[in-house]
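Participant: What follows is each chain in one-letter form.
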Amino acid sequence: MESRPEAVVVVRTSLVTLALLAGIASGQPTDAEIIGHDASWRVDDVELRAEYLSQRGHGYQSQDGPIAGPGSEAMGVFEPYALVTVHQNDKITHEITAPVDIISAASPDAVDATTQASRRNESEDLEVRSTFKLWDHDLLTTRVGAHHEEPMSSGSIGAGWRHSLADDNATIGANANITIDGFDDHDHYGDYLGKTARETFNLNLTGSQLLSPTTVIDGGYGVTFQHGTLDTGWNAVPVAGGALSNEILPSDRVRHALSVRLAQHVPATRSTLKLWYRAYLDDFGIQAHSVELAAYQYVVPWLYVRGAYRYHHQTGADFFTTQLPMFYDNTALHTADSDLAPFSANEWSVQVAMVRGRTPGSLHDWSFGAEVLRYWRSNDLQITVVSLTVGRRM
Amino acid sequence: MRWLVLLAVACHTTAPPATTLPRDGQLLDGSAAFVPAERYRGKVVVLDFWAGWCEDCRKMVPALVRLHDAFASRGLLVVAVLSSDSGCCASRYAHDFGITYPVVFDPELAYSDRVGASELPLLLVIDRTGTIVHRSRHLDEDTLAAIRKVLE
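Which chain is which? The protein sequence lines are A and B, in order.
Residue numbers for the first sequence follow our numbering, beginning at 1 and rising by one.
Residue numbers for the second sequence follow our numbering, beginning at 1 and rising by one.
Check before you lean on any hint, since a few could be wrong.
[Stated by the list, open to error] Here are a few chain A residues that face chain B, going by a calculated C-beta distance under 10 Å:
hint, residue
1, I35
2, G57
3, V300
4, R356
[Unchecked claim] Capping the alpha-carbon separation at 25 Å, the derived lysine-lysine pairs in DSS-like fashion look like this:
hint, chain 1, residue 1, chain 2, residue 2
5, B, K149, B, K43
6, B, K59, A, K91
7, A, K133, B, K43
8, B, K149, A, K133
9, A, K133, A, K91
10, B, K43, A, K91
I should point out that these hints are in silico values taken from the structure, not numbers from a laboratory.
Cβ coordinates follow ideal geometry from the N, Cα and C atoms, glycine included.
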């Protein structure tokens with residue numbers, strides 16, 4: 001015999017009432033009574049950074065040099081940068097990033113005949129990254145960004161998810177991003193060819209595992225698919241006899257990257273060592289291997305020094321050349337872009353940083369950092385970066 | 001939330017945190033007497049790493065007092081670990097901020113390092129075996145759920 005629906009409702013209602021009465025009778029406060037009201041929107045943290053990048057070197061794609069020879073790639077970038085962390089509630093926070101690049105390039109590429117791009121350029125970015133704590137072990141992140149500079153505007157969106165496992169001793173995660181760039185198309189003489197675009201889709205899978213109380217390993221795999229106008233337009237390719245050709249790249253590119261990192265802390269000396277390796281492969285024919293060793297040393301509990309060295313080696317794109325023959329097929333792929341050349345690169349950096357929350361006296365809510373980075377590679381490119389950071393917890 | 005600390009280890013400067021209550025911590029009470037971590041074994045403990053200058057830490061004190069009042073009779077011990085190189089302030093802070101649970105201090109932040117308390121505030125929920133079962137930067141529903149679970 002089936003119970004009448006009304007009877008089920010009565011029984012359920014009675015059980016709920018009894019449970020509520022039991023709770024009241026026990027005098028146990030509810031979660032909300034213990035936690036209290038959480039103030040809603042507020043600014044948690046503001047960080048300001050200024051960075052100056054100086055680049056020197058030569059590449060065959062640049063026209064700022066002798067005919068058929070490599071041209072200058074000299075460039076300076078000044079980047080003020082602001083990061084604001086906004087607390088919405090216990091479950092949701094937002095990070096708003098607003099870098100402004102001011103680029104001064106001594107390389108008068110052909111495109112400067114019609115625009116200011118690459119001679120002196122300002123670009124603005126705005127990115128909002130929101131974090132949602134869904135459940136105890138799951139975190140959702142979303143990202144919305146916009147970028148504008150004189151010949152180009154772009155927008156990007158992304159979403160990610162992370163899940164902790166094994167009593168939080170391991171994590172897995174995935175994120176996906178889409179970026180669409182719309183820009184003016186120019187040829188290597190600077191002639192305007194109209195509007196064009198490219199789209200980029202990116203998927204990353206990540207994981208980490210605590211191996212011991214002082215050792216952690218993490219890694220990831222990322223695949224990126226690009227479609228559209230992948231060339232920069234104004235990049236030139238020298239031709240035997242002194243002529244110049246335009247760059248011709250495929251309209252699609254698929255890139256794969258696999259990385260793993262091992263971190264070991266040494267409590268006795270307050271030191272941490274990190275070893276990182278990355279393998280890269282794409283369908284342009286580029287294969288790359290990178291390795292980095294970084295060491296962190298706390299001088300006092302609120303101040304550490306970080307030193308790092310990175311080595312990178314890559315093969316060139318299948319269609320890279322520094323000079324086309326006098327009679328060439330102008331429908332075939334070719335580029336002289338030094339970034340697509342075979343090369344080896346070295347990079348070292350030194351950073352000094354004060355840890356916010358540990359700094360003494362009246363500096364408790366402040367953080368300060370300074371970093372010098374030097375990069376050089378075998379095909380004549382050198383970069384020096386100096387950055388200063390100041391942050392304050394509000 | 002331990003994964004957050006894991007990511008900090010991977011991407012930043014902190015060490016992987018301890019998963020159990022370190023036995024050799026040098027916590028001191030208000031009179032600079034050594035407080036052995038073993039004292040907390042066999043109890044359900046909430047360690048609150050905080051500092052007087054930390055606004056978020058100060059904001060959390062009333063909620064921790066309510067937590068202490070609500071669950072002390074069931075065996076919960078709330079302990080404030082003051083990130084300070086001096087014991088002078090422990091009793092003063094307890095008085096100024098109305099803290100009704102024990103306050104100890106962590107000279108040279110060695111204990112904070114061991115448990116991965118690189119940012120304040122940090123709450124650790126520790127079960128009776130000394131295992132850190134939950135860590136959070138806020139006293140939220142998840143933290144209360146973890147406390148209720150280990151008190152059962």
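Participant: Each hint needs a verdict: does it hold in this structure or not?
Facilitator: Evaluation of the provided hints:
no., hint, verdict
1, I35, "holds, 6 Å"
2, G57, "violated, 30 Å"
3, V300, "holds, 9 Å"
4, R356, "holds, 8 Å"
5, B:K149 - B:K43, "holds, 13 Å"
6, B:K59 - A:K91, "holds, 17 Å"
7, A:K133 - B:K43, "violated, 29 Å"
8, B:K149 - A:K133, "holds, 20 Å"
9, A:K133 - A:K91, "holds, 5 Å"
10, B:K43 - A:K91, "violated, 29 Å"
Checked against the numbered hints given earlier, the structure breaks hints 2, 7 and 10 and satisfies all the rest.
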